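I would like the entire structure built from these sequences, with the hints used as guidance.
Residue numbers (our numbering), protein chains in the order written: chain B, 93 to 206; chain U, 13 to 126.
For the record, the hints were derived by calculation from the structure and aren't laboratory data. All values derive from a computational prediction rather than experimental measurement.
Sample of chain B residues at the chain U side, in silico, Cβ under 8 angstroms:
| id | residue |
| --- | --- |
| 1 | G132 |
| 2 | E133 |
| 3 | G134 |
| 4 | L180 |
| 5 | G197 |
Quick look at which bits of chain U chain B covers, simulated, 3 or more residues with Cβ under 8 angstroms:
| id | stretch |
| --- | --- |
| 6 | 55 to 61 |
| 7 | 101 to 108 |
| 8 | 116 to 124 |
Computed spacing ranges between beta-carbons, pair by pair:
| id | chain 1 | residue 1 | chain 2 | residue 2 | range |
| --- | --- | --- | --- | --- | --- |
| 9 | B | I136 | U | Q53 | 11 to 21 angstroms |
| 10 | B | T154 | U | S71 | 29 to 39 angstroms |
| 11 | B | G145 | U | N84 | 34 to 44 angstroms |
| 12 | B | L186 | U | P51 | 21 to 31 angstroms |
| 13 | U | Q26 | B | E147 | 46 to 56 angstroms |
| 14 | B | E147 | U | I24 | 39 to 49 angstroms |
| 15 | U | T56 | B | K119 | 13 to 23 angstroms |
| 16 | U | D38 | B | E95 | 25 to 35 angstroms |
| 17 | U | Q36 | B | E95 | 28 to 38 angstroms |
| 18 | U | F73 | B | G145 | 30 to 40 angstroms |
| 19 | U | I75 | B | L186 | 24 to 34 angstroms |
| 20 | B | S118 | U | Q53 | 18 to 28 angstroms |
| 21 | U | I75 | B | E95 | 23 to 33 angstroms |
| 22 | B | S99 | U | S65 | 38 to 48 angstroms |
We treat Cβ as the ideally placed atom computed from N, Cα and C, and that holds for glycine.
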Amino acid sequence: SQELEQSPQSLIVQEGKNLTINCTSSKTLYGLYWYKQKYGEGLIFLMMLQKGGEEKSHEKITAKLDEKKQQSSLHITASQPSHAGIYLCGAGGLSSGNTGKLIFGQGTTLQVKP
Amino acid sequence: SAVISQKPSRDICQRGTSLTIQCQVDSQVTMMFWYRQQPGQSLTLIATANQGSEATYESGFVIDKFPISRPNLTFSTLTVSNMSPEDSSIYLCSAPFQGYNEQFFGPGTRLTVL
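Laid out in structure tokens, this is it:
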């Protein structure tokens, strides 16, 4: 099984709708990074969370790390076609500190219908 | 944010040959990483490129297959040796900044082995 589980695996939403993507581990997350990837391209860094209960925003995207540091959620408000892509979470460490060596979830593919 | 470039952006190679991928960062960084993204999959860490010493490889990856150089604090190369069709992937380099508060990726090198 994956050390970092993302759900859902894929998502199709109507433009303007809100959506949430989850990233879950059975171990404590040290350094939780969110990225967006367009098909076949590099990763765009969105934000990094490290403290339990931390919340950060980037334009219409908000990410949270729960108090126990075992789950992070990415929330997009009023989705637009430009939000379409693959969202990846990566952990810099599981059970121990952030080493910078990222372990990735399997990704969530988002389609936004105009 | 930092700029990380890679060359080539894509290549088609014959089995049994080798390809060297270059990664250039626009500022000095302590750590650089190489990842592989197989078709339809998430990213897997290949190795940490250490400046002035041998690279540190993750389980399942060996130096003979993926030799890495790190001649200075802004540049690294990854060679994919004796290629087979199973090596067809996107190869990405990355580097952390601001401690580990940010980690940026290059645009990737899309390799197809025939």
